[in-house]
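When you get a sec, could you build the whole thing from the sequences and use the hints?
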Amino acid sequence: MRHGIVIVGAGEAGARAAVSLRENGWGGTITLIGAEVHPPYERPPLSKVLLTAEDQPAAPLILKNGQIKDYAIKLRCGSPVTRIDRSHHLVSLHNGDVFAYDRLLLATGSTSRQLNTPGVRASNVHYLRTLGEGLALRSKLRPGSKLIIVGGGFIGLEIAASARDRGVDVTLLECAPRLLARGVPAEIANAIERRHRSAGVKLEFDVALRVIKSESGRHRVEFSSGGEIGRIEGDCIVAGIGAIPDTELAARSGLAVENGVKVDAEFHTSDPDIFAVGDCCSFPHALYGGRRIRLESWRNAQEQGTLVARNMLGAHESYQAVPWFWSDQYELTVQVAGLFSEGDETIVRKLGDAQLYFHLDGGGRLVAASGFGLNSAIAKDIRFAERLVAERAMPDRLMLGSPNVRLRSLLASY
Amino acid sequence: MTTPGADANNAGWIVACHIDEIEREDVIRFDHAGQTFAIYRASEDIYYATDGLCTHEQVHLANGLVIGHIIECPKHNGRFDYRTGQAKGAPACVDLCVYPVRVDAGKVLINIDYESADEA
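Quick mapping for you: the protein sequence lines, in order, are chains A and B. According to the numbering used here, the first sequence is numbered sequentially starting from 1. According to the numbering used here, the second sequence is numbered sequentially starting from 415.
Source of the hints: derived by calculation from the structure; they are not laboratory data. Note that the structure is a prediction, hence the values are computed from the model and not measured. Glycine is no exception: its CB is placed at the ideal position from the N, C-alpha and C atoms. Warning: the hint list may mix true and false statements.
What the hints assert, rightly or not - Computed spacing ranges between beta-carbons, pair by pair: (1) A:Arg2 <-> B:Asp445: 53 to 59 angstroms; (2) B:Asp445 <-> A:Gln56: 52 to 58 angstroms; (3) B:Cys511 <-> A:Asp55: 24 to 30 angstroms; (4) B:Ile481 <-> A:Lys213: 39 to 45 angstroms; (5) A:Pro177 <-> B:Ala519: 56 to 62 angstroms; (6) A:Asn404 <-> B:Val517: 23 to 29 angstroms; (7) B:Ile460 <-> A:Gly352: 48 to 54 angstroms; (8) A:Ser79 <-> B:Ile481: 42 to 48 angstroms; (9) B:Val508 <-> A:Thr111: 43 to 49 angstroms; (10) A:Asp55 <-> B:Ala447: 25 to 31 angstroms; (11) B:Asp518 <-> A:Gly28: 55 to 61 angstroms.
Said to hold, decoys possible - Taking lysine to any residue pairs in the SDA-like style, the calculated list, with each CA pair at most 20 angstroms apart, reads: (12) A:Lys48 <-> B:His432; (13) A:Lys48 <-> B:Val473; (14) A:Lys74 <-> A:His38.
And the structure:
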């Protein structure tokens, strides 16, 4: 390879790929290009400690203490890539810079889905995906101020918990009849709802927004819910209504796109010299019959970035990791291993105050586990369940449901 | 009954727990004087101790899985060899502090002065 490797996107996946390229012996050029002005940073703290800390915390950087220099990563922050010239193997940046590549990695991530309610302007609705957006939201969370959150997904709920921690009055509006309809089983969603209500969060369900009116820093949201018209006022509106894979550059370059940049299980796009990983790509997962899925979680971005580096250097490793994510709210954590939506049957394991559910498919195979409670109560069990999912285990239902049966003992590798 | 911290035979040694409080191939949390530790029992019944928090972020390792001689951080996939404290890959790249351990009359003791003693 004469020109080296270019990585478009300096988030978790892109930064991990850069590190992994070096750790796997790549001695050529690595150019890591980020659209944001910041060096690569971790996103999970943006909805938590960045909002709750008394004093503004330092940006949670991924590459620490001279790692960028030690790994000889050419970092280009603050200018997005505007064009890929596949026939000449060139990428062009908004600022006019051009880089040649032998192998290219797209790790462009995802962007926040935007509200399209009448009255929405760029200036009156916050989103939370970037450090810049986190700092902007942080500056609005003053004790006693009123925050309106649109969307009862993980981002909205984590913001709600952080805002209550700061003494902010919080109202959360959700369009579905319950929280986290796609993310967790109803039992867990109900427990999360109870925790938020006990913290003083006001929740409205089945909400359809009608109009947002903003005047001199005050906002009024009108909505309908169950045939009634509701109105609330606030100092700040933040929307967390989902993410859209950032595929524009790939699509414009003629790469196949299908709910994300379309890649195979080794992360090849439809161009043999271009790979894609992280939130921006959809890939076939062997655990789910080779069905194409797209994931938006920290660990997925990290593991895909780490693995793709080896494939860019000539390996042929398929990505088979069990999807896993967590969400911290107040003192509690939600964790899901596997895809809970694949389950047809739910087995409960009673754990005192915590909740743990196992999800089996029609054939009795464990496809997911979900838990809610103190991290110390559920973390180990979720991790064992993740291993059982990876083993395609068909555990005995009674054993799964008995708290005194150690999950470790159900592992084939035990 | 074991009273953590109250049974020091020598300077720096404190009682962390009873030997049966940890299952084989598992880990528990032990707090003492504002510090938090992780105490391990390997499958071969040898006990070990490290700092209680992952070096990558402030997460209690005692909530993680022990697989062989590896402790896996419950949040971020960081892995350490708990016998040596050595970090075994991203995102954790800083090793854990380890502490000397001995077992005496059914109790697990750790020496928390080890670090400063080492430097002296």
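Comparing the hints with the structure gives:
1. A:Arg2 <-> B:Asp445: 53 to 59 angstroms: Check passed, 56 angstroms falls within 53 to 59 angstroms.
2. B:Asp445 <-> A:Gln56: 52 to 58 angstroms: At roughly 29 angstroms between Cβ atoms, glutamine 56 of chain A and aspartate 445 of chain B fall outside 52 to 58 angstroms, so the hint is violated.
3. B:Cys511 <-> A:Asp55: 24 to 30 angstroms: holds (27 angstroms)
4. B:Ile481 <-> A:Lys213: 39 to 45 angstroms: The hint (39 to 45 angstroms, Cβ to Cβ) is violated, given that isoleucine 481 of chain B and lysine 213 of chain A are roughly 56 angstroms apart.
5. A:Pro177 <-> B:Ala519: 56 to 62 angstroms: holds (60 angstroms)
6. A:Asn404 <-> B:Val517: 23 to 29 angstroms: holds (27 angstroms)
7. B:Ile460 <-> A:Gly352: 48 to 54 angstroms: violated (31 angstroms)
8. A:Ser79 <-> B:Ile481: 42 to 48 angstroms: holds (43 angstroms)
9. B:Val508 <-> A:Thr111: 43 to 49 angstroms: With a Cβ separation near 33 angstroms, valine 508 of chain B and threonine 111 of chain A fall outside 43 to 49 angstroms, so the hint is violated.
10. A:Asp55 <-> B:Ala447: 25 to 31 angstroms: With Cβ atoms ~26 angstroms apart, the hint holds.
11. B:Asp518 <-> A:Gly28: 55 to 61 angstroms: The hint (55 to 61 angstroms, Cβ to Cβ) holds, given that aspartate 518 of chain B and glycine 28 of chain A are roughly 56 angstroms apart.
12. A:Lys48 <-> B:His432: violated (37 angstroms)
13. A:Lys48 <-> B:Val473: Holds: lysine 48 of chain A and valine 473 of chain B sit about 14 angstroms apart, inside 20 angstroms.
14. A:Lys74 <-> A:His38: holds (14 angstroms)
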